[in-house]
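**Student:** Here the protein sequences line up with chains G and A, keeping their order. The numbering of the first sequence is this note's numbering, which starts it at 1 and goes up by one. The numbering of the second sequence is this note's numbering, which starts it at 1 and goes up by one.
Hint data in this document are derived by calculation from the structure and do not stem from the laboratory. It is possible that some hints are incorrect.
Copies of the same chain are indistinguishable here, so a pair counts whether it falls within one copy or spans any two.
Unchecked claim - Calculated lysine-lysine pairs in the PhoX-like style (CA-CA distance at most 25 Å, straight line):
no.: 1; residue 1: Lys232; residue 2: Lys454
no.: 2; residue 1: Lys418; residue 2: Lys452
no.: 3; residue 1: Lys454; residue 2: Lys391
no.: 4; residue 1: Lys166; residue 2: Lys207
no.: 5; residue 1: Lys454; residue 2: Lys418
no.: 6; residue 1: Lys232; residue 2: Lys207
no.: 7; residue 1: Lys452; residue 2: Lys391
no.: 8; residue 1: Lys166; residue 2: Lys46
no.: 9; residue 1: Lys175; residue 2: Lys46
no.: 10; residue 1: Lys207; residue 2: Lys175
no.: 11; residue 1: Lys452; residue 2: Lys46
no.: 12; residue 1: Lys232; residue 2: Lys166
no.: 13; residue 1: Lys207; residue 2: Lys46
no.: 14; residue 1: Lys391; residue 2: Lys46
no.: 15; residue 1: Lys207; residue 2: Lys418
no.: 16; residue 1: Lys418; residue 2: Lys391
There are 2 protein chains.
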Amino acid sequence: MGSSAPVLGCRAMDAATFRRLGHRLVDWVADYRETLEARPVMSPSKPGEIRRRFPTSPPREGGRMDEAVAQLDTHVMPGITHWNHPSFFAYFPSNTTYASILADIVASGLGVQGMSWQTSPAATEVEEVTMDWLRQIVGLSTAFTGVVHDTASTATLCALLCAREKVSGFAQNGKGLQSGEAPLVVYASDQGHSSIEKAALLAGFGKDHLRLIATDDDHALRLDLLERAVAKDLAAGLRPCALVAAIGTTGTTAVDPLVGMADVAARHGLWLHVDAALAGTAMALPECRYLWEGVERADSVVFNPHKWMGVGFDFSAYYVRDPEHLIRVMSTNPSYLRTAHDSEVRNFRDWHIQLGRRFRSLKLWFFLVDEGVDALETRLRRDLENAQWLKVQVDTAAGWERLAPVPLQTVCVRHVPKEIAHDEAALATHNLAIARRVNESGNAYLTPSVLKGKQMLRLSIGSATTERRHVEALWSVLNAAAASAT
Amino acid sequence: MGSSAPVLGCRAMDAATFRRLGHRLVDWVADYRETLEARPVMSPSKPGEIRRRFPTSPPREGGRMDEAVAQLDTHVMPGITHWNHPSFFAYFPSNTTYASILADIVASGLGVQGMSWQTSPAATEVEEVTMDWLRQIVGLSTAFTGVVHDTASTATLCALLCAREKVSGFAQNGKGLQSGEAPLVVYASDQGHSSIEKAALLAGFGKDHLRLIATDDDHALRLDLLERAVAKDLAAGLRPCALVAAIGTTGTTAVDPLVGMADVAARHGLWLHVDAALAGTAMALPECRYLWEGVERADSVVFNPHKWMGVGFDFSAYYVRDPEHLIRVMSTNPSYLRTAHDSEVRNFRDWHIQLGRRFRSLKLWFFLVDEGVDALETRLRRDLENAQWLKVQVDTAAGWERLAPVPLQTVCVRHVPKEIAHDEAALATHNLAIARRVNESGNAYLTPSVLKGKQMLRLSIGSATTERRHVEALWSVLNAAAASAT
Numbered sequence: 001m002g003s004s005a006p007v008l009g010c011r012a013m014d015a016a017t018f019r020r021l022g023h024r025l026v027d028w029v030a031d032y033r034e035t036l037e038a039r040p041v042m043s044p045s046k047p048g049e050i051r052r053r054f055p056t057s058p059p060r061e062g063g064r065m066d067e068a069v070a071q072l073d074t075h076v077m078p079g080i081t082h083w084n085h086p087s088f089f090a091y092f093p094s095n096t097t098y099a100s101i102l103a104d105i106v107a108s109g110l111g112v113q114g115m116s117w118q119t120s121p122a123a124t125e126v127e128e129v130t131m132d133w134l135r136q137i138v139g140l141s142t143a144f145t146g147v148v149h150d151t152a153s154t155a156t157l158c159a160l161l162c163a164r165e166k167v168s169g170f171a172q173n174g175k176g177l178q179s180g181e182a183p184l185v186v187y188a189s190d191q192g193h194s195s196i197e198k199a200a201l202l203a204g205f206g207k208d209h210l211r212l213i214a215t216d217d218d219h220a221l222r223l224d225l226l227e228r229a230v231a232k233d234l235a236a237g238l239r240p241c242a243l244v245a246a247i248g249t250t251g252t253t254a255v256d257p258l259v260g261m262a263d264v265a266a267r268h269g270l271w272l273h274v275d276a277a278l279a280g281t282a283m284a285l286p287e288c289r290y291l292w293e294g295v296e297r298a299d300s301v302v303f304n305p306h307k308w309m310g311v312g313f314d315f316s317a318y319y320v321r322d323p324e325h326l327i328r329v330m331s332t333n334p335s336y337l338r339t340a341h342d343s344e345v346r347n348f349r350d351w352h353i354q355l356g357r358r359f360r361s362l363k364l365w366f367f368l369v370d371e372g373v374d375a376l377e378t379r380l381r382r383d384l385e386n387a388q389w390l391k392v393q394v395d396t397a398a399g400w401e402r403l404a405p406v407p408l409q410t411v412c413v414r415h416v417p418k419e420i421a422h423d424e425a426a427l428a429t430h431n432l433a434i435a436r437r438v439n440e441s442g443n444a445y446l447t448p449s450v451l452k453g454k455q456m457l458r459l460s461i462g463s464a465t466t467e468r469r470h471v472e473a474l475w476s477v478l479n480a481a482a483a484s485a486t
Numbered sequence: 001m002g003s004s005a006p007v008l009g010c011r012a013m014d015a016a017t018f019r020r021l022g023h024r025l026v027d028w029v030a031d032y033r034e035t036l037e038a039r040p041v042m043s044p045s046k047p048g049e050i051r052r053r054f055p056t057s058p059p060r061e062g063g064r065m066d067e068a069v070a071q072l073d074t075h076v077m078p079g080i081t082h083w084n085h086p087s088f089f090a091y092f093p094s095n096t097t098y099a100s101i102l103a104d105i106v107a108s109g110l111g112v113q114g115m116s117w118q119t120s121p122a123a124t125e126v127e128e129v130t131m132d133w134l135r136q137i138v139g140l141s142t143a144f145t146g147v148v149h150d151t152a153s154t155a156t157l158c159a160l161l162c163a164r165e166k167v168s169g170f171a172q173n174g175k176g177l178q179s180g181e182a183p184l185v186v187y188a189s190d191q192g193h194s195s196i197e198k199a200a201l202l203a204g205f206g207k208d209h210l211r212l213i214a215t216d217d218d219h220a221l222r223l224d225l226l227e228r229a230v231a232k233d234l235a236a237g238l239r240p241c242a243l244v245a246a247i248g249t250t251g252t253t254a255v256d257p258l259v260g261m262a263d264v265a266a267r268h269g270l271w272l273h274v275d276a277a278l279a280g281t282a283m284a285l286p287e288c289r290y291l292w293e294g295v296e297r298a299d300s301v302v303f304n305p306h307k308w309m310g311v312g313f314d315f316s317a318y319y320v321r322d323p324e325h326l327i328r329v330m331s332t333n334p335s336y337l338r339t340a341h342d343s344e345v346r347n348f349r350d351w352h353i354q355l356g357r358r359f360r361s362l363k364l365w366f367f368l369v370d371e372g373v374d375a376l377e378t379r380l381r382r383d384l385e386n387a388q389w390l391k392v393q394v395d396t397a398a399g400w401e402r403l404a405p406v407p408l409q410t411v412c413v414r415h416v417p418k419e420i421a422h423d424e425a426a427l428a429t430h431n432l433a434i435a436r437r438v439n440e441s442g443n444a445y446l447t448p449s450v451l452k453g454k455q456m457l458r459l460s461i462g463s464a465t466t467e468r469r470h471v472e473a474l475w476s477v478l479n480a481a482a483a484s485a486t
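Chain G with its partners taken away, still in its complex shape (with noise of 0.2 Å):
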């Protein structure tokens, strides 16, 4: 503490400088997005090459942010892929919406901390009268209860630990799964994403208690595998637990039977979550809706406004049935966090992982707002209509194959020559080969993936920068890459 340094207090950034480089910023934004189009997809960079622009120490002397905002065109937009261009095919539409940019400049300017009611009201309720607000517009019922997470990740993890606790009758307060008892046992499509995987091993239950069954033609959980496992886990003293259904798997958006999997999960006391990560905005369309029927008999379901919807990462919407059980598992209770008002607010701190909590919900509101219901619902009916297109000319076109059905806004095709159309290796060759050279040319981004064994290239619709022109030159590379990679 005895420091002869004068103490300068804090060397912060003045208003008037904030004012200047904001606004740079806003502009610089802006102009990005409008220059978007003309940029390759992919980020042509090599491994290493943005990281030998930064020297290899932090700057002693500050004062250099002039410096750092000129860096971000000369050292960093090298090493962008474009997550917002109109041809971004790839992985999920992750649009980030200028209303939503706009939001976060607002919670990252308030700095605030919405992990008790208290430490920022507005916090709390806003998210609670937008998050009831994307109930409506998905068409859930008054008996879920949201609360924005992070990412499906995070929030599948919360239901299995939630599903943990119901089926153990709250072991964490004794023995946790230590306690030598049956073990409780996961069950879900193995074409489900991975975090669910991820979560049941994180979660403890081990991959010898995690039941991935296959799936039928169309890529759904076939259900008479699943009450054959059921049936057998039980059979060998097992207790089964928990039950995930994928709306839209992230291979191909297929649809899982969630009819019949309530039905199991009624029947065996099992724990139902739906992952409509992706899908769940689709719900915004009522005629999307049959997609999930069955819904209303899930304990949680999650999906990520930060994909297709336009509300910026990170975003996941999570709603529960039973709030209540999510605050048991989820809370402590030390003194430091309590306040006066605890018996008549939310605390949302109690209802994930995290302690701390940023002012996401700002997003949702200026996303509505600025879009509002029935522009969303256009926006993805284009979508939907642009899949449909791609899916008509995979089907009527000479050399093609198409490997999932088309329920949504993904389309999985492979070119198939053919002299080697029985040959799946050199077919595999062959469409990676495609993969890279559309990828490489910078022109569009899909990914590349493997579907039982079939490489295939599966091409993800919905930047909101996506018209049909966009779809129709994609079309136009893949068949010129097919073409010269044969």
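Given chain G's structure and the hints, the job is docking chain A onto it.
**Tutor:** Same frame as chain G, now just chain A:
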């Protein structure tokens, strides 16, 4: 899919509107920061007051951003507790500097996912560079590799999961914690953060296998009791697994005896996790590093640059000795996430629970080039000296009692009027009344908390805007509240 509505495409805000509103919100943030001091620190809002200002259903028509921006002042601000206020002495300093707000504009504006290297190489490599800078700043050796987590709660959960898998020989790939083998046990101080208990319960250990070791008069873990607990568990056939050392507990910034704990950990093969959530920032000061002597023997270390340091929430720094182990615990490797460069690069999705990731390292970069390490050191020394000044006032004033040493920036006190000096219940009522009076006055915000049965007032100094005069004012406010509460 058969909508007859005209397809309008995306009715997103146009770039010109974004520029206009973006500039306006940057100025709004600057105005807010410049008027912070005049605002009541704790929101005076009553439960439901904010919620009632909003409609109960979402807008069908969009285009209402100007209205929403205006509602920030009328609907949201009354419900804000001002975490960056110079008289914020509650919980922990949560400095969101101008530089990190600017970085968030860029991160949101780019809207990239840094889950894999290829999905934006810059997101991975800027993180590698800046997390290595941060490692140097706090004096950790090159034996540690850093990754950005969101919060210490999730980082500590990761640490306990890594411990669980190390000691169990990767049980997650078999029966998980449900093998019936000897239970694994976690050890920490009874003054450790609630997130440690939460993590142990979520990881499946069970409360019966969590030992919260009692502390000494300085509120640091008692090594003799730790050794006794480990010996007792070994004798009972249990398996000691993980040991969490708190460097700066949440309650009082007590410092656990890390060297002795490292000895115990080494002797019994325990995973040693260091939770320096708040205090890690102080390690930027060479004169503070004695506080975590022994840290080089830890398996994992977490601290929060989003607290005292100035990187806006959420930004937790997690350092590990063995990244391969972390990856083995956290990774799943589905085909849709594999990319061509996987063997040459880091895919940070495999370094934590979440899959998706914001470009958070921009915040650390901008913060460091703006403030510089020299000015950071000066500011931290200012805060330490302010805490020492307050400590002296408390120690030399009649009627006040200090309940813990002050190694850092937190001062734990209570007011003890002679008439009720031996009546704990009356003292609790009296000090809670002081806390309520101070907090409701809006002049300062502090956290009432209970320390070993004693109701205390926890005064946490370190907002970037807090000068000596604010601490002097706090001391006056406390004395006035104590006098009028008597």
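**Student:** Compare the structure with each hint and give your call.
**Tutor:** Tested hints:
{"no.": "1", "hint": "Lys232 / Lys454", "result": "neither (30 Å within a copy, 55 Å between copies)"}
{"no.": "2", "hint": "Lys418 / Lys452", "result": "within (21 Å within a copy, 78 Å between copies)"}
{"no.": "3", "hint": "Lys454 / Lys391", "result": "within (18 Å within a copy, 69 Å between copies)"}
{"no.": "4", "hint": "Lys166 / Lys207", "result": "both (20 Å within a copy, 16 Å between copies)"}
{"no.": "5", "hint": "Lys454 / Lys418", "result": "within (16 Å within a copy, 81 Å between copies)"}
{"no.": "6", "hint": "Lys232 / Lys207", "result": "within (17 Å within a copy, 31 Å between copies)"}
{"no.": "7", "hint": "Lys452 / Lys391", "result": "within (20 Å within a copy, 67 Å between copies)"}
{"no.": "8", "hint": "Lys166 / Lys46", "result": "neither (48 Å within a copy, 34 Å between copies)"}
{"no.": "9", "hint": "Lys175 / Lys46", "result": "neither (49 Å within a copy, 41 Å between copies)"}
{"no.": "10", "hint": "Lys207 / Lys175", "result": "both (20 Å within a copy, 6 Å between copies)"}
{"no.": "11", "hint": "Lys452 / Lys46", "result": "neither (31 Å within a copy, 56 Å between copies)"}
{"no.": "12", "hint": "Lys232 / Lys166", "result": "within (22 Å within a copy, 31 Å between copies)"}
{"no.": "13", "hint": "Lys207 / Lys46", "result": "neither (36 Å within a copy, 48 Å between copies)"}
{"no.": "14", "hint": "Lys391 / Lys46", "result": "neither (34 Å within a copy, 54 Å between copies)"}
{"no.": "15", "hint": "Lys207 / Lys418", "result": "neither (41 Å within a copy, 62 Å between copies)"}
{"no.": "16", "hint": "Lys418 / Lys391", "result": "within (21 Å within a copy, 83 Å between copies)"}
The structure fails hints 1, 8, 9, 11, 13, 14, 15 (numbered hints given earlier, in ascending order).
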